[in-house]
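2 protein chains.
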Amino acid sequence: MTETYNDSLIADTMETLQSNNYNIYFNDALAEVARFIEQGKYSRFFVLTDENTGKYCLPLLREKLGDADFDLIEINAGEESKDIDFCIGVWKMLIDFGADRKSLLINLGGGVVSDLGGFAASTFKRGIDFVHVPTTLLSQVDASVGGKTGIDIDSIKNIIGTFTQPKAVFIDYEFLKTLPARQILSGTAEMLKHGLICDAEYWSLLKESDLSQPTGEMVYKSVAIKNKVVLEDPHERNIRKSLNFGHTIGHAVETYSLINDEDSLSHGEAIAIGMICEAYLSYKKTGLSLDELNEITDVLMELYPFYQLRDEMNDELLEIMKKDKKNLSGNINCTLLSKIGQFNIDNICTSDELIESLQYYASLN
Amino acid sequence: MTETYNDSLIADTMETLQSNNYNIYFNDALAEVARFIEQGKYSRFFVLTDENTGKYCLPLLREKLGDADFDLIEINAGEESKDIDFCIGVWKMLIDFGADRKSLLINLGGGVVSDLGGFAASTFKRGIDFVHVPTTLLSQVDASVGGKTGIDIDSIKNIIGTFTQPKAVFIDYEFLKTLPARQILSGTAEMLKHGLICDAEYWSLLKESDLSQPTGEMVYKSVAIKNKVVLEDPHERNIRKSLNFGHTIGHAVETYSLINDEDSLSHGEAIAIGMICEAYLSYKKTGLSLDELNEITDVLMELYPFYQLRDEMNDELLEIMKKDKKNLSGNINCTLLSKIGQFNIDNICTSDELIESLQYYASLN
Numbered sequence: 107m108t109e110t111y112n113d114s115l116i117a118d119t120m121e122t123l124q125s126n127n128y129n130i131y132f133n134d135a136l137a138e139v140a141r142f143i144e145q146g147k148y149s150r151f152f153v154l155t156d157e158n159t160g161k162y163c164l165p166l167l168r169e170k171l172g173d174a175d176f177d178l179i180e181i182n183a184g185e186e187s188k189d190i191d192f193c194i195g196v197w198k199m200l201i202d203f204g205a206d207r208k209s210l211l212i213n214l215g216g217g218v219v220s221d222l223g224g225f226a227a228s229t230f231k232r233g234i235d236f237v238h239v240p241t242t243l244l245s246q247v248d249a250s251v252g253g254k255t256g257i258d259i260d261s262i263k264n265i266i267g268t269f270t271q272p273k274a275v276f277i278d279y280e281f282l283k284t285l286p287a288r289q290i291l292s293g294t295a296e297m298l299k300h301g302l303i304c305d306a307e308y309w310s311l312l313k314e315s316d317l318s319q320p321t322g323e324m325v326y327k328s329v330a331i332k333n334k335v336v337l338e339d340p341h342e343r344n345i346r347k348s349l350n351f352g353h354t355i356g357h358a359v360e361t362y363s364l365i366n367d368e369d370s371l372s373h374g375e376a377i378a379i380g381m382i383c384e385a386y387l388s389y390k391k392t393g394l395s396l397d398e399l400n401e402i403t404d405v406l407m408e409l410y411p412f413y414q415l416r417d418e419m420n421d422e423l424l425e426i427m428k429k430d431k432k433n434l435s436g437n438i439n440c441t442l443l444s445k446i447g448q449f450n451i452d453n454i455c456t457s458d459e460l461i462e463s464l465q466y467y468a469s470l471n
Numbered sequence: 107m108t109e110t111y112n113d114s115l116i117a118d119t120m121e122t123l124q125s126n127n128y129n130i131y132f133n134d135a136l137a138e139v140a141r142f143i144e145q146g147k148y149s150r151f152f153v154l155t156d157e158n159t160g161k162y163c164l165p166l167l168r169e170k171l172g173d174a175d176f177d178l179i180e181i182n183a184g185e186e187s188k189d190i191d192f193c194i195g196v197w198k199m200l201i202d203f204g205a206d207r208k209s210l211l212i213n214l215g216g217g218v219v220s221d222l223g224g225f226a227a228s229t230f231k232r233g234i235d236f237v238h239v240p241t242t243l244l245s246q247v248d249a250s251v252g253g254k255t256g257i258d259i260d261s262i263k264n265i266i267g268t269f270t271q272p273k274a275v276f277i278d279y280e281f282l283k284t285l286p287a288r289q290i291l292s293g294t295a296e297m298l299k300h301g302l303i304c305d306a307e308y309w310s311l312l313k314e315s316d317l318s319q320p321t322g323e324m325v326y327k328s329v330a331i332k333n334k335v336v337l338e339d340p341h342e343r344n345i346r347k348s349l350n351f352g353h354t355i356g357h358a359v360e361t362y363s364l365i366n367d368e369d370s371l372s373h374g375e376a377i378a379i380g381m382i383c384e385a386y387l388s389y390k391k392t393g394l395s396l397d398e399l400n401e402i403t404d405v406l407m408e409l410y411p412f413y414q415l416r417d418e419m420n421d422e423l424l425e426i427m428k429k430d431k432k433n434l435s436g437n438i439n440c441t442l443l444s445k446i447g448q449f450n451i452d453n454i455c456t457s458d459e460l461i462e463s464l465q466y467y468a469s470l471n
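Which chain is which? The protein sequence lines are A and B, in order.
Position one of the first sequence corresponds to residue 107 (my numbering), numbered consecutively onward.
Position one of the second sequence corresponds to residue 107 (my numbering), numbered consecutively onward.
Everything labelled a hint here was simulated from the structure, so no lab data went into it.
Some clues are possibly wrong.
Covered by chain A, according to a simulated footprint, are these stretches of chain B (three or more residues, beta-carbon under 8 Å) [to be verified]:
hint, stretch
1, 202-213
2, 229-237
3, 261-269
Estimated spans, in silico, between C-beta atoms of each pair [as the list claims (entries may be wrong)]:
hint, chain 1, residue 1, chain 2, residue 2, range
4, A, D189, B, N366, 24 to 34 Å
5, A, G204, B, N471, 28 to 38 Å
6, A, N127, B, N366, 43 to 53 Å
These numbers come from a predicted model, not from an experiment.
We put the CB at the ideal spot given by N, CA and C, even for glycine.
Here chain A stands alone, though its shape is the one from the complex (with noise of 0.2 Å):
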């Protein structure tokens, strides 16, 4: 027996999940983790953290590991980690450990460490096999499911990387309690958009729930949804381009803040800005009502601080749109919505399209 509400849905209804020839655990999903090791047959385990989860998530794995002996690679805490510079210094890692093909990398961390440490795990001697533990929000329902992984060059994002399944996840709830609020919100902005693309029911359950405390079952719920799609699609050729809402001026938003702000936005920040432009455009272009419109900027906008976009920064972000990896023959190109709960793929924008979404969003304040 338990005693809170999300802990009961947790013990409940968050059956294992299958997902492309892996599973998705949830249940007491860190002890999970030990008897995959242990069945795995494997020669040895490495750990890749970052300096925080390395402190405070790393801890109890441990726990659950009990004697199991394993060697631990390190990295910084933050997106500028994902450079190809630090995955040069993953490789020589494994080299130096003597890492051979039979070896597992268990990635325990946000989406830098699972985006990175998949594409280092999926390139090493050609590929070795590596699981995801992931301990935010963020990467819970998003970067640890769907077997995409990617470093940066010169702030490109994802421009490098494979489409590699981990041979598990195991998505922890305890994780969730210790994390600040500010990376919790960055995790929600990636359940609305799960809700806004797919299912305008839970998206209204979302909106109408106290988002600074994500249920169990709300997180099961968005896994169960991002699941789906990569099944169906997992090369992104068709509804996986779904996921995509929000991303075309939100990733260029969330690299224009990377480069220029001291405090950076967090990609929920950022993916919430796109998703009000992108709403914006979806109203001007494929039929998204007015008052759905206003419905998505009214939720976003209460949830999210405002920053503030000027005319002066238009330039940049479009620079950094064209060279977004879902373009195809220089046009930028974004998945918008035709009203709440359906998306509508590739769709090409052109600048002044782009511009004018950005000037609404502007208007905001």
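Model the placement of chain B on the given structure of chain A, informed by the hints.
Same frame as chain A, but now just chain B:
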């Protein structure tokens, strides 16, 4: 009607081979490149060359491509260009040229160009299409087929890479006609290996032929052998390991020479040494007869220059072998022969055994 023996063989027998979801073209292969691009609906294409193939081979390709517009990426010739730093250079050029996910990379060159280009393409924006146009005998009979891509870090060969199939391979005999003798012999070593591991008749044919001028038929035969092996075991779980015969010691000698010698050994020269040593280990461990050991030794010593191995080199050679991808649990792993035409995988060799085999080679002077 053609006039030379080689050319008529090419015309009569060299049908397109089917590999792992791609074709290997032999007849009029360069013209096939043009047809492939036309049918591929690519947004654009890029050609990767080194300074030599840019000078000697690109004009032949250009002739077939007509007015087609492409951007050129050129690297220095030589194994040093397989370092991660050069790979980053290729990625940055693809970014600067505005390559998108529908772009095609054509790797025009030897094994360095195809290994590096294949890796760069397989990871750029999580993977763009690439094809190989191998211009050396070595790359025609070895690197271009099988879907291995790879780059080096700290002179550790292919320590980073992926298994990614090209979309096509175009093997044009024309390129071989202008190759220097030493480069031809570098490729011949791999052809001899194909005979040794699985076709005694082919080995007999080769040892009685003038290997300074392998025929088109021989090239075709070697590609067909390699293709059969990699089709059956693309990820090197079992029979593909047969192709590693000569390579545990050969790679170590090659790496040693690359680091220490002004005029370093070619791949084939190093692999010939590796095959002699590993034939000795086969005689000691897996039942190769003394007669066959002597036969292999004689053929290879006749073809390749003697390289002075000294006892002082052993520690460094063993150190390099220990970092070999093929090892498991710290043990050095060799593919050996039980007789000519029959391989035997996963033989763990002790340092003493390996040193003894190096001394066997050294004694042949």
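We went through each hint and held it up to the structure:
Figure legend: the stretch 202-213 of chain B, annotated as covered by chain A; annotation consistent (4 residues with Cβ-Cβ distances under 8 Å, at least 3 required). For a cut-off of 8 Å, the count of residues in the stretch 229-237 of chain B with a CB near a CB of chain A stands at 5, and the three-residue condition holds. Check on the stretch 261-269 of chain B: 7 of its residues sit with their Cβ under 8 Å from a Cβ of chain A, so the three-residue criterion for coverage holds. Look at D189/A against N366/B: about 33 Å separates their beta carbons, and that is inside 24 to 34 Å.
Distance hint for G204/A and N471/B: a CB-CB separation of about 35 Å, consistent with the stated range 28 to 38 Å. Distance hint for N127/A and N366/B: a CB-CB separation of about 45 Å, consistent with the stated range 43 to 53 Å.
Checked against the numbered hints given earlier, the structure satisfies every one of them.
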